[in-house]
Amino acid sequence: MELQVTNSPFNQEQAELLNRLLPTLTGAQASWLSGYLTALQSQAGVSSPESTQVHQGNTTAESSAPKEVTILFGSQTGNCSGLAQKLSKRLSEQGAQVTVSSMSDFKPNSLKKVQNLLILVSTHGEGEPPDNAISFYEFLHGKRAPQLEGLAYSVLALGDTSYEFYCQTGKDFDKRLEELGGKRLAERVDCDVDFDEPAADWMNAVLKALSEGNGAAASSAQTVDAAQIAAGETEYSRTHPFQAEILENLNLNGRGSDRETRHVEISLEGSGLQYEPGDSLGICPENHPELVDQLMAAMDWNPEETITINKQGDQLALREALLRHYEISVLTKPLLVQAAKLSGSEPLKELVGPGREQELKAYMVERDLLDLVQDYRLKGIPAPSFTGILRKLPARLYSIASSSKAYPDEVHVTVRTVRYEAHGRDRYGVCSVQLAERLASGGSLPVYIQHNPNFKLPVNPDTPVIMIGPGTGVAPFRAFLGEREETGAEGKNWLFYGDQHFSTDFLYQTEWQRWLKDGLLTRMDVAFSRDMDHKVYVQHRMLEKSRELYEWLQEGACVYVCGDEKKMAHDVHATLAIILEREGGLSPEAAAEYLLQMQQEKRYQRDVY
Numbered sequence: 001m002e003l004q005v006t007n008s009p010f011n012q013e014q015a016e017l018l019n020r021l022l023p024t025l026t027g028a029q030a031s032w033l034s035g036y037l038t039a040l041q042s043q044a045g046v047s048s049p050e051s052t053q054v055h056q057g058n059t060t061a062e063s064s065a066p067k068e069v070t071i072l073f074g075s076q077t078g079n080c081s082g083l084a085q086k087l088s089k090r091l092s093e094q095g096a097q098v099t100v101s102s103m104s105d106f107k108p109n110s111l112k113k114v115q116n117l118l119i120l121v122s123t124h125g126e127g128e129p130p131d132n133a134i135s136f137y138e139f140l141h142g143k144r145a146p147q148l149e150g151l152a153y154s155v156l157a158l159g160d161t162s163y164e165f166y167c168q169t170g171k172d173f174d175k176r177l178e179e180l181g182g183k184r185l186a187e188r189v190d191c192d193v194d195f196d197e198p199a200a201d202w203m204n205a206v207l208k209a210l211s212e213g214n215g216a217a218a219s220s221a222q223t224v225d226a227a228q229i230a231a232g233e234t235e236y237s238r239t240h241p242f243q244a245e246i247l248e249n250l251n252l253n254g255r256g257s258d259r260e261t262r263h264v265e266i267s268l269e270g271s272g273l274q275y276e277p278g279d280s281l282g283i284c285p286e287n288h289p290e291l292v293d294q295l296m297a298a299m300d301w302n303p304e305e306t307i308t309i310n311k312q313g314d315q316l317a318l319r320e321a322l323l324r325h326y327e328i329s330v331l332t333k334p335l336l337v338q339a340a341k342l343s344g345s346e347p348l349k350e351l352v353g354p355g356r357e358q359e360l361k362a363y364m365v366e367r368d369l370l371d372l373v374q375d376y377r378l379k380g381i382p383a384p385s386f387t388g389i390l391r392k393l394p395a396r397l398y399s400i401a402s403s404s405k406a407y408p409d410e411v412h413v414t415v416r417t418v419r420y421e422a423h424g425r426d427r428y429g430v431c432s433v434q435l436a437e438r439l440a441s442g443g444s445l446p447v448y449i450q451h452n453p454n455f456k457l458p459v460n461p462d463t464p465v466i467m468i469g470p471g472t473g474v475a476p477f478r479a480f481l482g483e484r485e486e487t488g489a490e491g492k493n494w495l496f497y498g499d500q501h502f503s504t505d506f507l508y509q510t511e512w513q514r515w516l517k518d519g520l521l522t523r524m525d526v527a528f529s530r531d532m533d534h535k536v537y538v539q540h541r542m543l544e545k546s547r548e549l550y551e552w553l554q555e556g557a558c559v560y561v562c563g564d565e566k567k568m569a570h571d572v573h574a575t576l577a578i579i580l581e582r583e584g585g586l587s588p589e590a591a592a593e594y595l596l597q598m599q600q601e602k603r604y605q606r607d608v609y
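First residue of the sequence shown: 1, per our numbering; consecutive thereafter.
Misleading hints may appear alongside valid ones.
Said to hold, decoys possible - With a Cα cut of at most 20 Å, we get these calculated EDC-like pairs of lysine to aspartate or glutamate:
| no. | residue 1 | residue 2 |
| --- | --- | --- |
| 1 | Lys333 | Asp300 |
| 2 | Lys405 | Glu593 |
| 3 | Lys183 | Asp160 |
| 4 | Lys208 | Glu187 |
| 5 | Lys405 | Asp314 |
| 6 | Lys208 | Glu93 |
| 7 | Lys361 | Asp371 |
| 8 | Lys492 | Asp533 |
| 9 | Lys89 | Glu248 |
| 10 | Lys333 | Asp375 |
What the hints assert, rightly or not - Pair ranges (Cβ atoms, derived):
| no. | residue 1 | residue 2 | range |
| --- | --- | --- | --- |
| 11 | Glu178 | Glu290 | 45 to 55 Å |
| 12 | Gln243 | Lys183 | 46 to 56 Å |
| 13 | Glu357 | Glu197 | 22 to 32 Å |
Derived by calculation from the structure, the hints in this document are not laboratory data.
Built from N, CA and C at the ideal position, the CB exists for glycine as well.
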C-alpha cells in the first residue's frame, strides 16, 4: 500500500522515502521498527494518537499495568530479542509505556530513573554474557553501578543444561540487582533450550505482578501461553517447521581429507520464509537409528508401545518418539539427578551427590543415554516413566551460507560431519551425520529461520568489511559477499580463512577466486595449519598484516568473526587488541576499550559457538 501525502502528516520527500523503505521490510524488521518507535515515544514522554485511543477505550487495560516498563535483552542468536518484542506487545496492550532495548544500546546512566525493569538474557560459552550484554553487565557489576532501592525487576534466563554454567548470566543479573537494592517483581525463571512454556510462565508472573502493583485485580492481566511464545512471524517457526526439499548435498572436502564438510542447498519455495545474511537456519534433526535401537534393546522396550510426548497429550510410537522427539545423545546433570530418583540406583545417587561434582562432570563428557543405562543398570524402568525425564531434542542452528538475492527461494548451509570414538563406541553428531548419511537430494527435512539481529552487514554499502572465518565459520561470509555482489555495494571486503590443508580443505575455493578476480573480494589471506612445519592460524595472518588491518579499522571497517568460541574467537579477539597496541600505540586498557566501543557501535560482531 502506497502512502499518499494528502492523507498523511509527511511531506513529499518523507513520503517518497517511506514508500521506498516499507515494501522492502521483512517481518522481523517491521517488528523491530515498531518497537523502536514505541521506545522513542516512551523516552520522549509522548504517546501516539493510536495508543491514546486504545488506552481511552480500555480502562481495564490502562489500569492493569504501570505507566513505564523497561525491557532489556542480551542475546547472541536472537531468542531473547524475539521474546522481548512479544512481551513488549503484551504490556502495550495492557496500557504500559514500554521501552525495549538491547543492553548494548541502553545508556547505563539512565538506569537510576527506571522503575520497572525486565531482563531477558542468554548465557554464552562458559557462563559468559552474550556480546551485546557485555558492556551493561560490566557496568552493573562495577563500581559505578548506582543503588536501586526504588527498582522493581525480574529476570528471564535462557541457557542449556548440557553446559556447566547453566543460565549463569541471568543468575548474575538477578543477584546483582538484588545487591543494589532492587526488589523482585517475580522470581527469576531459568529456561533450557525448549523455553516456550517456562518463558510463558515467567511472562504471566510478571504481568500479574505489574497489574497488582498498579492496584488492579490480578485477573485483569492478560495471560500468555506457550503457543504464543512459539509462534513465528510466518506460518512456519521453531515449533512448526517447514518440511523442505533438499536440492543438493555435496562433500566440499577433496579426496584424502580426514574431514567431511557438507554443502546443503535447500528449497524454501512456498514457505514464505525470508532471511538475511547473518541469520541461521534451524534444522530439526533425528537421532541415529542405530543408537535408538541399541537403547530400546538395552531397556527391553517395545518399539511399538505408544507414549505421551507432551502436556497437550500428543502420542507417538516409542521408536518414533526416540528418533524425532527426545534427546538421547547428551547427558546433563538435571537428567542424571532425575534418573537417580526414578531408578533408586545408589551408585547413581552417589555420583550426583555433594562432593562428586568433578567426577560427575567428567562422566558426562562424550557419553549418552545408552551409556547411562548400561553403566548404572537402569533396565526395567517403563518407557513412559523414563521418557518423562528426557528433554526435547533441540534443533541445530547453522549460519546461512547464501544470499536470498543470489538464490531466491533457497537457503544454503555448510555443515562439518562429526564422527569420533569414545568409551569403546562410535559416536555421531546428531544432525551432521544425518545430513551426511541419510539425506540425499530429493529428501526433505524440517527447517525454520532463526533471525539474528546481532550479526548483520553494515547499513552503509560503502563501509569496508573484515571477515574472519576459519573452517565452517566461513559460511556466513559466502552470504555476505553474495549479498554485496547482488546489491552492488562499493565497500572493500577482506577475508581471513583457515583450515588444515590447501589441497583438500579449501572450502568454496573457486567462489573466492572468482570474487577476487572480479574485484568484489579486495583481498584474502589464508592459513592452512597442517601444510607447514609449524601450525599457522588466522590470527597469525592477521598479525602479519597488522599495519593494513589497523588502517582499515581507522577507515571505519566493520569486523566479523564466525566459528569456534572456545579458542579461535578468544585468540582473534586477543590479536585485535595486540594490533591496536602495536599499530595504534594504545595501552592494553585503551585497546580493550576500543574493542568494546566497536562492539557498541556494531562495528565488531561475532557469531561464535
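If you check each hint against the structure, which ones fail? 1, 2, 3, 5, 8 and 9
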